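Engineer: Sequence:
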Amino acid sequence: MPTAIFTSKDAPHWGAKLSLFVLNSFGWKLRYAGLPGVRGVMIFYPHTSNWDFFWGMLAKWAIAFPLKFLVKEKLFKGVTGFFAGGFVRYCGGEPIERGVSSGAIGKLTDRMLKSDWFWLAIAPEGTRSYTPYWRSGFYHIALAAQVPLVCAFIDYPNKEIGVCAELMLTGDEAADLAKIQAIYRDFQGKNPQNHSTIAFKR
9 MPTAIFTSKD APHWGAKLSL FVLNSFGWKL RYAGLPGVRG VMIFYPHTSN WDFFWGMLAK
69 WAIAFPLKFL VKEKLFKGVT GFFAGGFVRY CGGEPIERGV SSGAIGKLTD RMLKSDWFWL
129 AIAPEGTRSY TPYWRSGFYH IALAAQVPLV CAFIDYPNKE IGVCAELMLT GDEAADLAKI
189 QAIYRDFQGK NPQNHSTIAF KR
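Taking my numbering, the leading residue of the sequence shown gets 9, the next gets one more, and so forth.
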């Protein structure tokens, strides 16, 4: 169930208030009531449009928490990386190599556990297009680090974005995914035909 509406009085400084004002000016409501601890993994679903990043960044700035998210490493390389990569890093982007799975997961888990504060936001679909399964990296990171999994959502029909649930993963993939499916059942992306199936590749 989505949390309470986040209002201007909840925003900690003028920059956060401005971001919330812009979000509200477009008719969007933000639902957020804090995070359960200093470390964790946040998943964002459904991700079906480039607009998700825009609304998501406004929400991130409004709550004024330095959430990190994964970005292809090549974006940080070369001349383009000097400019675009710098901006993405400022927004919270963390470079990750394509094709690296267990090694990248291990590094992220280790970094998370050594940090005083580390929240990683992931869109488990990995694309705006339809896919028949989710990428499982978020699951393995949260499980290995034994940190909470927070479910963030975007719902275009109701123009709401925010946090809707939190849970501790058990290691029983079927049971955990069933809970996540129930959490996201009523939310709709901008392009609902691109909603990916909440399941892992077998």
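Hints are supplied without guarantee of correctness; some may be wrong.
Mimicking DSSO-like on lysine-lysine, the simulated pairs with C-alpha atoms at most 27 Å apart in a straight line are [what the hints assert, rightly or not]:
#1 K167 <-> K187
#2 K209 <-> K17
#3 K25 <-> K37
#4 K209 <-> K187
#5 K198 <-> K25
#6 K25 <-> K76
#7 K122 <-> K167
#8 K115 <-> K17
#9 K115 <-> K209
Derived Cβ-Cβ restraints for the label pairs, each shown as a range [to be verified]:
#10 Y141 <-> S33: 34 to 40 Å
#11 F29 <-> G114: 19 to 25 Å
#12 S16 <-> K187: 32 to 38 Å
#13 S33 <-> A186: 35 to 41 Å
#14 R210 <-> T135: 16 to 22 Å
#15 K115 <-> F29: 19 to 25 Å
#16 L26 <-> A182: 17 to 23 Å
#17 R210 <-> M65: 29 to 35 Å
#18 M176 <-> D124: 16 to 22 Å
#19 G134 <-> A186: 30 to 36 Å
#20 F61 <-> G35: 15 to 21 Å
#21 M65 <-> D194: 39 to 45 Å
#22 T178 <-> F29: 17 to 23 Å
#23 N166 <-> F29: 15 to 21 Å
If you're looking for bench data, these hints aren't it; they were derived computationally from the structure.
Just so it is clear, the structure is predicted and the values come from calculations on it, not from any experiment.
Yeah, the Cβ is synthetic: ideal placement off N, Cα and C, and Gly gets one too.
Engineer: What's the verdict on K209 and K187, does the C-alpha distance respect the 27 Å limit or exceed it?
Structural biologist: holds (18 Å)
Engineer: Are K122 and K167 close enough, with their CA atoms no more than 27 Å apart?
Structural biologist: violated (37 Å)
Engineer: Does K76 sit within 27 Å of K25, going by the straight-line distance between their CA atoms?
Structural biologist: Judged against 27 Å, a Cα distance of about 21 Å means the pair holds.
Engineer: Is the gap between the beta carbons of N166 and F29 within 15 to 21 Å?
Structural biologist: holds (20 Å)
Engineer: Measure nothing beyond the straight line between the CA atoms of K209 and K17; if it is 27 Å or shorter, mark the hint as holding.
Structural biologist: violated (43 Å)
Engineer: Range hint 35 to 41 Å: satisfied by the CB atoms of S33 and A186?
Structural biologist: holds (38 Å)
Engineer: Straight-line Cα separation of K115 and K17 no greater than 27 Å?
Structural biologist: violated (38 Å)
Engineer: Under the criterion that the straight-line Cα-Cα distance not exceed 27 Å, is the pair K25, K37 satisfied?
Structural biologist: holds (13 Å)
Engineer: If I claimed the Cβ atoms of R210 and M65 lie 29 to 35 Å apart, would that claim hold in this structure?
Structural biologist: holds (34 Å)
Engineer: Are F29 and G114 spaced within 19 to 25 Å by their CB atoms?
Structural biologist: Distance hint for F29, G114 is violated at roughly 41 Å.
Engineer: Compare the distance between the alpha carbons of K198 and K25 with 27 Å, and conclude whether the hinted pair is satisfied.
Structural biologist: holds (25 Å)
Engineer: Given a hinted range of 34 to 40 Å, is it respected by the beta-carbon distance of Y141 and S33?
Structural biologist: holds (37 Å)
Hints 2, 7, 8, 11, 15, 16, 19, 21 and 22, counting from the list given before, are not met by this structure.
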